[in-house]
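Peer 1: One-letter residues, chain by chain:
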Amino acid sequence: MSQFAINILFVGGSFLLYIGIAIWAKAGSTKDFYVAGGGVHPVTNGMAIGADWMSAASFISMAGLIAAGGYANSSFLMGWTGGYVLLAMLLAPYLRKFGKFTVPEFIGDRFYSKNARLVAVLCLIVASVTYVIGQMAGAGVAFSRFLEVEATLGLIIAAIVVFVYAVLGGMKGITYTQVAQYCVLITAYTIPAVFISLQLTGNPIPPLGLFSTHVDSGMPILDKLNQVITDLGFNEYTADIDNKLNMVLFTLSLMIGTAGLPHVIIRFFTVPKVADARWSAGWALVFIALLYLTAPAVASMARLNLMTTIYPDGTAAEPIEYDSRPAWIRDWEVTGLIQFTDKNEDGRIQLYNDTPEFEPQAQARGWEGNELVVNRDILVLANPEIANLPGWVIGLIAAGGLAAALSTAAGLLLAISSAVSHDLIKGSINPAISEKGELLAARISMAVAIVVATYLGANPPGFAAQVVALAFGIAAASLFPALMMGIFSKRVNNTGAIAGMLSGLTFTLVYIFVYKGWLFIPGTANLPDTPENWVLGISPLSIGAVGAIVNFAVAFVVSNATEEPPVEIQELVESVRYPRGASQAQDH
Amino acid sequence: MAGHSYDAEKYWKANLRLIFGSLIIWALASYGFAILLRPLLAGIPIGGTDLGFWFAQQGSILTFIALIFHYAWRMNKIDEKFGVHEE
Chain L
1 MSQFAINILF VGGSFLLYIG IAIWAKAGST KDFYVAGGGV HPVTNGMAIG
51 ADWMSAASFI SMAGLIAAGG YANSSFLMGW TGGYVLLAML LAPYLRKFGK
101 FTVPEFIGDR FYSKNARLVA VLCLIVASVT YVIGQMAGAG VAFSRFLEVE
151 ATLGLIIAAI VVFVYAVLGG MKGITYTQVA QYCVLITAYT IPAVFISLQL
201 TGNPIPPLGL FSTHVDSGMP ILDKLNQVIT DLGFNEYTAD IDNKLNMVLF
251 TLSLMIGTAG LPHVIIRFFT VPKVADARWS AGWALVFIAL LYLTAPAVAS
301 MARLNLMTTI YPDGTAAEPI EYDSRPAWIR DWEVTGLIQF TDKNEDGRIQ
351 LYNDTPEFEP QAQARGWEGN ELVVNRDILV LANPEIANLP GWVIGLIAAG
401 GLAAALSTAA GLLLAISSAV SHDLIKGSIN PAISEKGELL AARISMAVAI
451 VVATYLGANP PGFAAQVVAL AFGIAAASLF PALMMGIFSK RVNNTGAIAG
501 MLSGLTFTLV YIFVYKGWLF IPGTANLPDT PENWVLGISP LSIGAVGAIV
551 NFAVAFVVSN ATEEPPVEIQ ELVESVRYPR GASQAQDH
Chain G
1001 MAGHSYDAEK YWKANLRLIF GSLIIWALAS YGFAILLRPL LAGIPIGGTD
1051 LGFWFAQQGS ILTFIALIFH YAWRMNKIDE KFGVHEE
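These protein sequence lines are chains L and G, in that order. Letter 498 of the first sequence, counting from 1, is numbered 498 in the working numbering, and no numbers are missing. Each number in the working numbering comes from the position in the second sequence (counting from 1) with 1000 added on.
Source of the hints: derived by calculation from the structure; they are not laboratory data. All C-beta atoms in this analysis are idealised placements derived from N, C-alpha and C, irrespective of residue type, glycine included. Treat the hints loosely; a few may be bogus.
Now the in silico label distances, taken between C-beta atoms and shown as ranges [as the list claims (entries may be wrong)]:
id : chain 1 : residue 1 : chain 2 : residue 2 : range
1  : G       : Pro1039   : L       : Asn459    : 45 to 53 Å
2  : L       : Leu245    : G       : Leu1016   : 42 to 50 Å
3  : L       : Gly314    : G       : Pro1039   : 31 to 39 Å
4  : G       : Ala1042   : L       : Val451    : 49 to 57 Å
With the sequences and hints as input, model every part of the structure.
Peer 2: In structure tokens form, the structure reads like this:
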């Protein structure tokens, strides 16, 4: 069977499975549609959160980021997991107790203000739409490489599949497809990693392999990697960094942003009890950690593999000839994600870091610049080919990458559509709408959101690469502080909360736009986006945490200068703090 | 009702204490050992690098998992002790 047929089999099979689940789990009520009926087991929910959370960025891009940055990019690992501690202790159990359907609904009720609810809807939509573009674009890449179809056609196929199970099943359909998608993506991620770890270190468990001995050289594998890449002018992989303030703030922004992302929070509304919300945060992190503990091992091993492929006889010897390059390099060259230019025209592939410091050594060897550019996103996707694994593993990776992208897209689309149908239509425009009418509105807004997301995925705006900063910045600076203060303070009132959200948001957006361009329009940046220009060395990617502090401070100062919240609001805060009896609390 | 709200206050304080303790460990494992205090741990070797690197790429995540399960377990006990758990 050809590789193409294998890929079709894996991807097509997984899609049929998702659609089958959707038909089985059709939503009959708004409660089914928004919170899957509220009866999801905490372990099942933990697995669904894992798929909901682990996006194309986690599956495809993260190992590549760590491979490129080494220790310095550990922020992604800590930031995208540490947020679950905050969720488990500061948000999820209380929001579950509140017992409504959306995140803006809590903000609107707690701060007794339609405007607060609308600000929250706006933040939610901007954060989720920017995030969903990345998922659809990721699905497009996986389609074009593995199924040899145009990225646009691939996207449309993916959109139809999401449409069927998300529009039909709502949260109920999404929950059970996410469980299936988790199983697909974790298998796809782990199998190649196990083989590579075995080949390089003899240890079948990748996280242990990372700290084991490299079989060929007898050195610890991280030592070997450090040696190989410093020989070629790159920074040491495990080296410490100077700008610790920025690393702390970047990690903190990712953690707070993770905890404030609405599509993750609403998954906690699907479990029966407050105690289950706590457990499911733990299970979610277990399932996420299976991938997040494997990723740094994949990162260092794949980087070492790449280097030894190019320099089979060691870094002191000459690199391989271009004509004898392995098949996977040829395949990825077609997609443009690997590019080769023979600058010194010797027919060999010189891969090194062409910095001024390395220049004397490069000259001595007759090298005239780095000749191979490898897009770091292909690291995970090309992993099975680099390690010469059988064809079915490649088919599995294709299905896994798509599972990661589609499961996150579905979760985001649900968050967007419930904000539109429940918070905008039922909450503001037409409160008298019937349940049937609201369910129809939810399905229509989901369908519209899918069309918009597909269009933006096929024609990604130039700022697609910057959206991570934007989505996490917004979630960290606006939603997380408002939710936390709503639970932990009885004193913060409507004026304070709105002022806090708006100032945190404005502060964060302005700081990002000053360096990245206003609305990301090229040429409109006021300062070059380089470390020398950042205030106190804080990068625009790290500013969300500072925005959150601004939000907290403004909200407290304004609230203390204005009236206390009414008694019934203080009782509402009391009631979310105690797990027992949602109905009792409202009887007072 | 008065006795109930007194207990309620003690329950909430117990929760806050548990959260506070957990977040200190949370910060220590990530911002502490993995970033700011890494130079102090540089002398402890582990598989070709130092303990700070291990915390940055594995130790912090394992600590987070332990913290959440510990919190869930303790908190569900505290719910029962104060009689605020759900049936």
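Peer 1: It remains to establish, for every hint, whether it holds in the given structure.
Peer 2: The hints, checked one at a time:
1. G:Pro1039 with L:Asn459: 45 to 53 Å: Since the Cβ atoms of G:Pro1039 and L:Asn459 sit about 47 Å apart, the hinted range of 45 to 53 Å holds.
2. L:Leu245 with G:Leu1016: 42 to 50 Å: The hinted range 42 to 50 Å is violated for L:Leu245 and G:Leu1016, with Cβ atoms some 29 Å apart.
3. L:Gly314 with G:Pro1039: 31 to 39 Å: holds (32 Å)
4. G:Ala1042 with L:Val451: 49 to 57 Å: Between G:Ala1042 and L:Val451, where Cβ atoms are some 54 Å apart, the hint holds.
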